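A.B. asks: Line by line, the protein sequences are chains A and B.
Heads up: the first sequence begins at 1 in our numbering, then just goes up one per residue.
Heads up: the second sequence begins at 1 in our numbering, then just goes up one per residue.
If you're looking for bench data, these hints aren't it; they were derived computationally from the structure.
Any given hint could turn out to be false.
[Said to hold, decoys possible] Residues from chain A that face chain B, not an exhaustive set, calculated with beta carbons under 7 Å: (1) F45; (2) S73; (3) I104.
Keep in mind that this is a model prediction, so the values were computed, not measured.
Using N, Cα and C, we set each Cβ at its ideal position, and we do this for glycine too.
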Amino acid sequence: DTGVSQDPRHKITKRGQNVTFRCDPISEHNRLYWYRQTLGQGPEFLTYFQNEAQLEKSRLLSDRFSAERPKGSFSTLEIQRTEQGDSAMYLCASSYQREPRNTIYFGEGSWLTVV
Amino acid sequence: GNSVTQMEGPVTLSEEAFLTINCTYTATGYPSLFWYVQYPGEGLQLLLKATKADDKGSNKGFEATYRKETTSFHLEKGSVQVSDSAVYFCALGAGGTSYGKLTFGQGTILTVHP
Numbered sequence: 001d002t003g004v005s006q007d008p009r010h011k012i013t014k015r016g017q018n019v020t021f022r023c024d025p026i027s028e029h030n031r032l033y034w035y036r037q038t039l040g041q042g043p044e045f046l047t048y049f050q051n052e053a054q055l056e057k058s059r060l061l062s063d064r065f066s067a068e069r070p071k072g073s074f075s076t077l078e079i080q081r082t083e084q085g086d087s088a089m090y091l092c093a094s095s096y097q098r099e100p101r102n103t104i105y106f107g108e109g110s111w112l113t114v115v
Numbered sequence: 001g002n003s004v005t006q007m008e009g010p011v012t013l014s015e016e017a018f019l020t021i022n023c024t025y026t027a028t029g030y031p032s033l034f035w036y037v038q039y040p041g042e043g044l045q046l047l048l049k050a051t052k053a054d055d056k057g058s059n060k061g062f063e064a065t066y067r068k069e070t071t072s073f074h075l076e077k078g079s080v081q082v083s084d085s086a087v088y089f090c091a092l093g094a095g096g097t098s099y100g101k102l103t104f105g106q107g108t109i110l111t112v113h114p
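Here chain A stands alone, though its shape is the one from the complex (with noise of 0.2 Å):
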């Protein structure tokens, strides 16, 4: 299978911890997107990158949220002093540039409980 890959695919960590998530995009896909979803609602947009460059953050991207893409491949997205309001699932997607516009593939997301 060669689908949007996340890991891990649930984290329980302390209050205050530092977390991080790894995503690997569908192969050859450039560009690659962020997104967190809380119990009973729809995902939010948090960041995305084309190849190594990421092109825009949402407001909801804390200074203690960061993501790398450092070589246009897989990416990574740290979450440091975690908080009780950061429990959610991270969702990674990608999409190839010219396929039909915003056609994105989702992974099948990482839970995050912080306790």
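Here the structure of chain A is known, so what remains is to put chain B in place on it, guided by the hints.
C.D. replies: Structure of chain B alone, referenced to chain A:
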């Protein structure tokens, strides 16, 4: 800014019933419209899409037509199955510099009983 409003759920139907989930949007320019489905504990799967006015997206018996005059993209299926039970999200994709940045509705939970 852009926004998407979905009919509130949950929606509970018997197998083989007709399904409609309403979705309306507010956007500038010419957005693309999507329906995504999310099964319990999983990520989002693209169900169907439409990229311009009057386009009809269809997949797995589901259909939705991009209606610019009513700013709507309602999801329909003629005969639902138990396996269709999931959360359905309507989403809008803006163009230009916001390419790929989707705005989602709040989701509609569908439960289909045998």
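A.B. asks: Are the hints correct? Go through all of them and say.
C.D. replies: Evaluation of the provided hints:
no., hint, verdict
1, F45, "holds (5 Å)"
2, S73, "violated (17 Å)"
3, I104, "holds (6 Å)"
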